[in-house]
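**Student:** From first to last, the protein sequence lines are chains D and P.
The opening position of the first sequence corresponds to residue 1 in full-length UniProt numbering, with each subsequent residue numbered one higher.
The opening position of the second sequence corresponds to residue 1 in full-length UniProt numbering, with each subsequent residue numbered one higher.
No wet-lab data here; the hints were simulated from the structure.
Among the clues, some could well be false.
Same chains, same label: a pair holds when it works inside one copy or across any pair of copies.
DMTMM-like, lysine to aspartate or glutamate: derived pairs with alpha carbons at most 25 Å apart [what the hints assert, rightly or not]:
#1 Lys-109 to Glu-87
#2 Lys-211 to Glu-154
#3 Lys-109 to Glu-119
#4 Lys-211 to Glu-52
#5 Lys-211 to Glu-167
#6 Lys-109 to Asp-7
#7 Lys-211 to Asp-108
#8 Lys-211 to Asp-132
#9 Lys-109 to Glu-170
#10 Lys-211 to Glu-92
#11 Lys-109 to Glu-49
#12 Lys-109 to Glu-69
#13 Lys-211 to Asp-165
#14 Lys-211 to Asp-21
#15 Lys-211 to Glu-87
#16 Lys-109 to Glu-62
#17 Lys-109 to Asp-21
#18 Lys-211 to Glu-119
#19 Lys-211 to Asp-149
Here the structure is a predicted model, which means the values were calculated and not measured.
Protein chains: 2
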Amino acid sequence: MSTDSLDVSGISIGILGGTGDQGKGLARRFALAGHTVLIGSRNAGRAREAAESIGPSARGAENAAVAAEADVVIVAIPWEGHRSTLESLRAELAGKIVVDCVNPLGFDKQGAYALAVEEGSAAQQAAAVLPDSRVVAAFHHVSAVLLLDPEVAEIALDVLVLGDDREATETVQALAGRIPGARGIYGGRLRNAHQVEALTANLISINRRYKAHAGFRVTDV
Amino acid sequence: MSTDSLDVSGISIGILGGTGDQGKGLARRFALAGHTVLIGSRNAGRAREAAESIGPSARGAENAAVAAEADVVIVAIPWEGHRSTLESLRAELAGKIVVDCVNPLGFDKQGAYALAVEEGSAAQQAAAVLPDSRVVAAFHHVSAVLLLDPEVAEIALDVLVLGDDREATETVQALAGRIPGARGIYGGRLRNAHQVEALTANLISINRRYKAHAGFRVTDV
């Protein structure tokens, strides 16, 4: 694919909500792949702690500083704070590729289910709140447990990458490919992000039934 | 898995909308696997034609006759006629496993997108309309082109099987496994069917971008 020839090795990656499992797991894998990683949090002290747990190529700071400095910014914050956090970072994120991996899910005794989102999906909400950013949706189905497990050398799955800006989606596809075992596969426009986010509820059901850390591969690609 | 030991080889399979590509493709693969297949259509003549194109283990009849006779009934009708067709077959489908594979999608110049469904999904609509049936959702992502291609011996993908009745989902998982290359994987409750149906829009985008007939495999299962 065209993304194979895209050199993204010099891109610095910021992760908002980088102290949570998903964010920290992605930070860890990108640091292992040689990227400078900036871990963001509302609390700079917690961000620095998370960065120290990852190693010398990671640094921690407040979300706003990370959003301003990083080349590409991954949004890995809880759904509850999604809109307000992004609204507060509009200036810092202007012009940047913003990668939303948030899954708006509810939980009850029967497991997980998709929440209705006014804009259609978390990614579309990000695009609405950040009109000057290049919003891409990706990394929804990557198991935080596997990302954080030092015994797991390869993350053998495909990362569906969605967006309306082809250069931005191809950059994120190439970034996904920096994680050993993973491929970044174009997955459609932002208007089709809801089902990719919501499918995480199905993965949770699959994990429970099969005692697995499931993901997806796209066949015939 | 427990479904490996489930003997479903004697089950007859009815397919409502069996003259369409998806229905005929599934009919062909189940006939090849040794099942008696009953192809249903509003038009008995067209149903018989489709059955003849498949071979001696397939028969054609009107939808109501197929719904009454088959052990398990697959719903492969267009979304537009989904509710009214199922309402008209409530008595025939009572007590049976009804497998919904309908994807409520719209199309415009940017491709496919998910339609809003009052009940949440086609499968939940089926369950609402057929309170005495055992509704399962499955076979959404299987390419009709591959199913119908005589040169394709194996359909190498996983069929996500969703439902609230464990015996019914396990039966359908085992039926999916009758297609060489395919596996039936439990994919969650019916309330999480919408995103599985809608994901077909993403597959259409993937197929267009990569010139593929894409499907999904579940990793770590």
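**Student:** The structure should be examined with respect to each hint, and the outcome stated for every one.
**Tutor:** Against the structure, the hints:
1. For the homomeric pair Lys-109 and Glu-87, neither the shortest alpha-carbon distance inside one copy (33 Å) nor that between copies (32 Å) is at most 25 Å.
2. In this homomeric assembly, Lys-211 and Glu-154 come within 25 Å of each other (Cα to Cα) only inside a single copy, at 19 Å, whereas the closest approach across copies is 27 Å.
3. Taking CA atoms no more than 25 Å apart as the test, Lys-109 paired with Glu-119 passes between copies only; the shortest distance there is 21 Å, against 27 Å inside one copy.
4. Taking identical chains as interchangeable, the C-alpha atoms of Lys-211 and Glu-52 are never at most 25 Å apart, the minima being 31 Å within one chain and 44 Å between chains.
5. Taking the shortest Cα distances, Lys-211 and Glu-167 sit within 25 Å of each other only across copies (19 Å), while inside one copy they are farther apart (38 Å).
6. Proximity of Lys-109 and Asp-7 under a CA criterion of 25 Å is satisfied in neither setting, with 45 Å inside one chain copy and 32 Å between copies.
7. With identical chains, the CA atoms of Lys-211 and Asp-108 are at most 25 Å apart within one copy only, with a shortest distance of 19 Å there and 40 Å across copies.
8. For a Cα distance limit of 25 Å, the shortest separation of Lys-211 from Asp-132 qualifies neither inside one copy, at 42 Å, nor across copies, at 32 Å.
9. In this assembly of identical chains, Lys-109 and Glu-170 lie within 25 Å of each other by CA distance solely across copies; the values are 22 Å between and 39 Å within a copy.
10. Taking the shortest Cα distances, Lys-211 and Glu-92 never come within 25 Å of each other, neither inside one copy (41 Å) nor across copies (38 Å).
11. Taking identical chains as interchangeable, the C-alpha atoms of Lys-109 and Glu-49 are never at most 25 Å apart, the minima being 34 Å within one chain and 49 Å between chains.
12. Taking the shortest alpha-carbon separations for Lys-109 and Glu-69, neither the intra-copy value of 42 Å nor the inter-copy value of 38 Å comes in at or below 25 Å.
13. In this assembly of identical chains, the alpha carbons of Lys-211 and Asp-165 lie at most 25 Å apart only when taken from different copies (20 Å versus 37 Å within one copy).
14. With identical chains, the CA atoms of Lys-211 and Asp-21 are at most 25 Å apart within one copy only, with a shortest distance of 19 Å there and 36 Å across copies.
15. Neither within a single protomer nor between protomers do Lys-211 and Glu-87 lie at most 25 Å apart by alpha-carbon distance, with minima of 38 Å and 38 Å respectively.
16. Taking identical chains as interchangeable, the C-alpha atoms of Lys-109 and Glu-62 are never at most 25 Å apart, the minima being 35 Å within one chain and 42 Å between chains.
17. For the identical chains of this complex, Lys-109 and Asp-21 are intra-copy neighbours only, at 22 Å inside a copy versus 39 Å across copies, given an alpha-carbon limit of 25 Å.
18. Proximity of Lys-211 and Glu-119 under a CA criterion of 25 Å is satisfied in neither setting, with 34 Å inside one chain copy and 30 Å between copies.
19. Taking identical chains as interchangeable, the C-alpha atoms of Lys-211 and Asp-149 lie at most 25 Å apart only when both belong to the same chain, with a minimum of 16 Å there against 36 Å between chains.
In summary, the numbered hints that this structure violates are 1, 4, 6, 8, 10, 11, 12, 15, 16 and 18.
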